[in-house]
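J.: Using the sequences plus the hints, can you model the full thing?
Just so it is clear: in the sequence shown, position 58 is 58 by our numbering, and no numbers are missing.
Treat the hints as calculated values from the structure; they're not laboratory data.
This structure is a prediction, so every number in the text was calculated from the model and none was measured.
It is possible that some hints are incorrect.
Across the chosen pairs, the derived CB separations fall in these ranges [as the list claims (entries may be wrong)]:
1) 101 to 8: 37 to 43 Å
2) 113 to 53: 21 to 27 Å
3) 22 to 97: 36 to 42 Å
4) 73 to 94: 14 to 20 Å
5) 55 to 22: 36 to 42 Å
6) 95 to 22: 22 to 28 Å
7) 111 to 43: 31 to 37 Å
8) 78 to 106: 17 to 23 Å
9) 92 to 19: 22 to 28 Å
10) 65 to 89: 29 to 35 Å
11) 51 to 15: 43 to 49 Å
12) 103 to 59: 22 to 28 Å
From the three backbone atoms N, C-alpha and C, an ideal C-beta is built for every residue, glycine too.
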Amino acid sequence: MFEGMGLGGCILQAEYKFFKKAMMVFFFSVTTPFGIALGIALSSVYKENSPSSLITVGLLNASSAGLLIYMALVDLLSADFMGPKLQGSIKLQIKAYIVVLLGAGGMSLMAKWA
Numbered sequence: 001m002f003e004g005m006g007l008g009g010c011i012l013q014a015e016y017k018f019f020k021k022a023m024m025v026f027f028f029s030v031t032t033p034f035g036i037a038l039g040i041a042l043s044s045v046y047k048e049n050s051p052s053s054l055i056t057v058g059l060l061n062a063s064s065a066g067l068l069i070y071m072a073l074v075d076l077l078s079a080d081f082m083g084p085k086l087q088g089s090i091k092l093q094i095k096a097y098i099v100v101l102l103g104a105g106g107m108s109l110m111a112k113w114a
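T.: The structure is reproduced here in structure tokens:
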């Protein structure tokens, strides 16, 4: 849900024409149903414990996690941390770093049960 809200906000803020924005929204909203249909189609031939399946799932999970970490650090946090408001106050920078570390720790803690 939060990724969808973030991507939707980025699409709205982008300086693209209506057709390009509509295409982005279309492809974003089609990917999940397409993935579900593909999963249903492949469920009959998928062997959960085979070595190739485990390697494939591991590679896909690792690439997904890497992309999310990259997007969070480079696209989202860097814009906030390099802004003039945060750059002008050391106290605010320290508070922001603490909150980011607490958030990352909370997400790591939640991942233990996921």
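J.: Does the Cβ pair residue 55, residue 22 satisfy 36 to 42 Å?
T.: 38 Å, holds
J.: Could one say that the CB atoms of residue 95 and residue 22 fall in the range 22 to 28 Å?
T.: At 40 Å between Cβs, range violated.
J.: Can you let me know if the beta-carbon spacing of residue 73 and residue 94 is within 14 to 20 Å?
T.: 18 Å, holds
J.: Against the range 37 to 43 Å, how does the distance between the Cβ atoms of residue 101 and residue 8 compare: consistent or not?
T.: 28 Å, violated
J.: Taking the CB of residue 22 and the CB of residue 97, does the distance hold inside 36 to 42 Å?
T.: 39 Å, holds
J.: Does the beta carbon distance between residue 65 and residue 89 stay inside 29 to 35 Å, or does it fall outside?
T.: 32 Å, holds
J.: Does 22 to 28 Å hold as the CB distance between residue 103 and residue 59, or does it fail?
T.: Since residue 103 and residue 59 have Cβ atoms about 27 Å apart, the given range 22 to 28 Å holds.
J.: Are residue 111 and residue 43 spaced within 31 to 37 Å by their CB atoms?
T.: Given about 26 Å between the Cβ atoms, the range is violated.
J.: Can you tell me whether the CB distance of residue 78 to residue 106 sits inside 17 to 23 Å?
T.: 21 Å, holds
J.: Measuring from beta carbon to beta carbon, are residue 92 and residue 19 in 22 to 28 Å?
T.: Violated, since residue 92 and residue 19 (Cβ atoms, about 41 Å apart) do not stay within the stated range.
J.: Okay, residue 51 versus residue 15 on CB: inside 43 to 49 Å?
T.: 47 Å, holds
J.: Can the suggested window of 21 to 27 Å be confirmed for the beta-carbon pair residue 113 and residue 53?
T.: The hint (21 to 27 Å, Cβ to Cβ) holds, given that residue 113 and residue 53 are roughly 24 Å apart.
This entry does not satisfy hints 1, 6, 7 and 9, going by the numbered hints stated previously.
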